[in-house]
Amino acid sequence: MRAVIAFLARMRNLVTGSRDDARFEAEIETHIALLSERFIQQGMTPKQATRAARRQFGNADLQHQQRRDSRTFSGLLALGRDLRFAVRRLLRNPLLAVIAILSLGLGIGANTAIVSVARGVLLDPLPVREPQQLRLLTWTSGPQLPVPPVWGDIYQSDSGGLVSPSFSYPAYQALQQHPEAYSALFAFKDISLTATADNNAAPASAELVSGNAFDALGLSASLGRVLTPADDTVSAAPAVVLSDAYWSRRFGRAPGVIGQTIALNGVPVTIVGIAPQRFTGLDTATPIDLFVPVSLQPVLIPRPQNSSISVLDNPQSWWLQLMLRVRPGVSDAQIQAQLDSALRQAAQPAATSAHAFASLHLALQPGSRGVDDLHGQYAESAWILLSLSGLVLLLACVNLANLLLARAASRRREIATRLALGARRSHILRQLLTETVLLALLGGFAGLGLAFFARNAIPAMLARSGGSEIPSALTSAFDLRILAFAAAISLLCGMLTGLLPALTAIRAAQGAAALKDSPYAASSPSLSGSARLGLGASLVVLQIALSTILLAGAALFVRTLINLSHVSLGFESNHILLFRLNPPRSLYDDAKGVALFRRLQENLAAIPGVRSVSMSNIAIIGDGHSGSSFHIPGTPHHNPEIRVQENSITDDFFSTLGIPLLQGRRFDSTDTPASPPVAVINQALAQSFFPHTNPIGLTFEIDADEIAVPVRIIGIAANTRYADLRAPTPPTFYLSYRQQNESGRRVFTLRTAADPATVLPQVRAVVAAIDPNLPLLDARSMNEQVRSTLVNERIFARLTAAFGVLALILACIGIYGIMAFTVSRRTSEIGIRMALGAQSRQVLVLILRQATWMSLAGVFCGLVATLWLARFIRSMLYGLTPSDPITLGFVAMLLIVISLLAAFGPARRAAHIDPNQALRHE
Amino acid sequence: MPRKSEEKSEVLQGTLDLMILKTLQSMGAQHGFGIARRIEQVSEDVLTLNEGTVYTALLRLELNGWISSEWGLSENNRKARYYAITKRGMKQLEAETENWQRIAGVIGRVLAQEGRG
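Listed in order, the protein sequences are those of chains A and B.
Per the working numbering, residue 1 is the first one in the first sequence, and the count goes up by one each step.
Per the working numbering, residue 1001 is the first one in the second sequence, and the count goes up by one each step.
Looking at chain A on its own, in the form it has when it is part of the complex:
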């Protein structure tokens, strides 16, 4: 309260300063005049009286000065003085300054970099008008599918029901009939396309948007115009809006691009505008290159279904994502109630069964961050990295506090002198804090520089795809908020690290000065000295504990990476080249696609250095899943149905990859579209579904377009890893590509004689010779593909290892500092011991024993904390538990050995103390 009143008074005086100055002068003049009048009355001459009055009043200028100091923030002037003094002090002890700035810089830099990334993952809303008004529409149901989702995601909710954001176009149209429920409703769907500009075909990500989407989001074009409802009609001229990034990448930001034509999946489309710079689509996980009207779907990406290539008029196709903007004052429950019946009515024709349909309902989800897959995908990683970098910063602060504490001892005399000369405690505190805050700010600068260079490294490392595409939300923007964050944590660090040592120093100095009226005079200097040592020791224990946590984390992640790198893949992964083709349906129907694939296979096999070529619909590792229903005839139907993994392959797939066949035969030319469908199953499927029988010759049923198709098993292949390295092999069956004869996405697998990279140019030439507009997607060696699935693990191993090494270095500095301090404090004691006959070795042991106790205590606390914290990272580990005794034991040993090494220098110095000198020491 006192502080507040004084503060307000000073604030006022800051404004009214000069008027008050004049008044104060008048007050003093009056006083002196009155005094001299009194002296004249007592019989002095006026001259004598004035002089006597001035003498009795004292130094009027001093009064002025003190008054200004206390009345306003002219303390600011003193700040400049303090700063100059602080700089001089730091220059006198450059090693301390460098260590402090480096360690704080590393801590602050790591935090700033990770916060700037995590912000995109965890916090930033869509860059649109009032994003908090947006809602993502989903439907929910019981465990059975109420409608057939043909294209999109379905999630299992916690209660066992289903949730999906995919709607049919007719359902969207039905919801459009209720404009009273929302202020805008719009539709979108992310797709991938081949975009050809200047005879250069490349894959591009596109978002189909309804004509009103840009308007509803409150976005206007940075150049040209955005899409309008007029573009979103079947008869409209095809129009596309480019994203800012794509415009830069493909057209070098040329303004003349407006009005030009680019080919999307072979269809000429006119560029009408450029989207605002920060807007990269409604799904933050994929940065969008192109925005096209939904009405172009049948032209750009025809999807044959029910004898139509359009999914716009098909109530059976559930694929479109919807968002709405709420009206102010209308609650979500009201909107839900208004739209639910409309949805149910529109979904009725698509209902799979009356029972499943009964539980279908509309549900609103927050849409301020768009489609927020990123959050779920990276939130855990982001939180863990944030916590780890926070620990590093804490460690850096503790370290600095410890160093300052040790140094404070050497400044005791200086501070005592200044106190004796009349400096106020608050002034000295301010001076000491100025020094640490200066250090922290310099550290902050260093950290900011570090973070600036690391800002692209971390998102690139975080991107799971192995660097091919970095989600836009992960590319950390370096803006004012990040600068403010760095400044704030620097100041906080400076205050926190400075306060304790400064207070301790002042207290000790006051004790030493032994002022008569000081309440601290009672506590003897030696007592407060040992208390300070205790504080230093507990800081060291804290440091070692923090280092233990960080090192243990690092060790766990590094061992996870090692374990995963040694996972047996189940096939020969060297000398394999992979790439993917995605011939657009608009140009390749099934017949053309099959012909294309046949020619490619022949031409690729003819390249010198290519041993064999095979094709599959998904790659074996790092290419996601492809599920299928699975039922053994004669057994009861499960509900929900059993799903296993499926892959459609050419005859030489197994031989190309080197997957052994355990039983039966491979596909061969006798398997044709006319012959009964056959399958090769993997060992995992054989073991889970045919544990006691030989499955060769048996059949199972799969659903193809709602019809159960029987498939005969002809062989059993060995298990391979599927999709990623962590999961054990799921039950999988392989179908013959020759029996399918479909166009669409295909992965080519080439076994090469030498390094796969050497044949890649020829492979590109072969593809370009057949269709120059067909881009090769994700062309890389199998080993690169496998590594790409470990990107996250590698990041964690690297970052945490860096944190761990940093922690180790900081802990070493801390232990060395405190032991050196101890030895210098105990010099006379050691001198006496040695004079009384103690051996050097005994002194060495004496000092090392203290270090051992500190490190044992620190390691113990650290291990307890690690065991408690490690459950948060359990799911990220592979092949070991968080409490893995070998890992933790190794970390404990390492820390104890390192801390003893750090203590050895000071201990040796103690052991070589010359008793004669030591006794004269103080």
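These aren't lab readings, by the way, just hints derived from the structure by calculation.
Computed from a prediction, not measured in an experiment: that's the story for all the values here.
Please note that a few of the clues may not be correct.
[To be verified] Here are the in silico distance ranges between beta carbons for each label pair:
| hint | chain 1 | residue 1 | chain 2 | residue 2 | range |
| --- | --- | --- | --- | --- | --- |
| 1 | B | Glu-1075 | A | Leu-79 | 21 to 27 Å |
| 2 | A | Arg-424 | B | Met-1090 | 36 to 42 Å |
| 3 | B | Asn-1099 | A | Trp-383 | 51 to 57 Å |
| 4 | A | Ala-484 | B | Lys-1087 | 40 to 46 Å |
| 5 | A | Leu-79 | B | Asn-1099 | 31 to 37 Å |
| 6 | A | Trp-383 | B | Met-1090 | 51 to 57 Å |
Think of the CB as a built atom: it goes at the ideal place given N, C-alpha and C, for glycine as much as any other residue.
Starting from the known structure of chain A, arrange chain B on it as the hints suggest.
Relative to chain A, chain B alone:
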């Protein structure tokens, strides 16, 4: 009790504030000159008072909200600033007085100890 002597004592650090508060409490609103005279009078010229320090003290007390001030006319029609003790100042005075008496008592007892000869 202070000895009567030609030797004058310095004002002890921190005691000037207490004296001013007490003066204002017992005499009501006063200007700086009046306060200085009153202290001089009460101390029977034992204390040397650097009268300028009175103003520093007044300022300190005012910033803490223990006294308030306003401009008025002095007895001989000069413009003068009158200081008055506030409620918070009264409380502070009470606390400080108690504290002072305790310390004075302790010091008195310490000084009263008989030497061992």
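Check each numbered hint against the structure and report the violated ones by number, ascending.
Of the numbered hints, 1, 2 do not hold.
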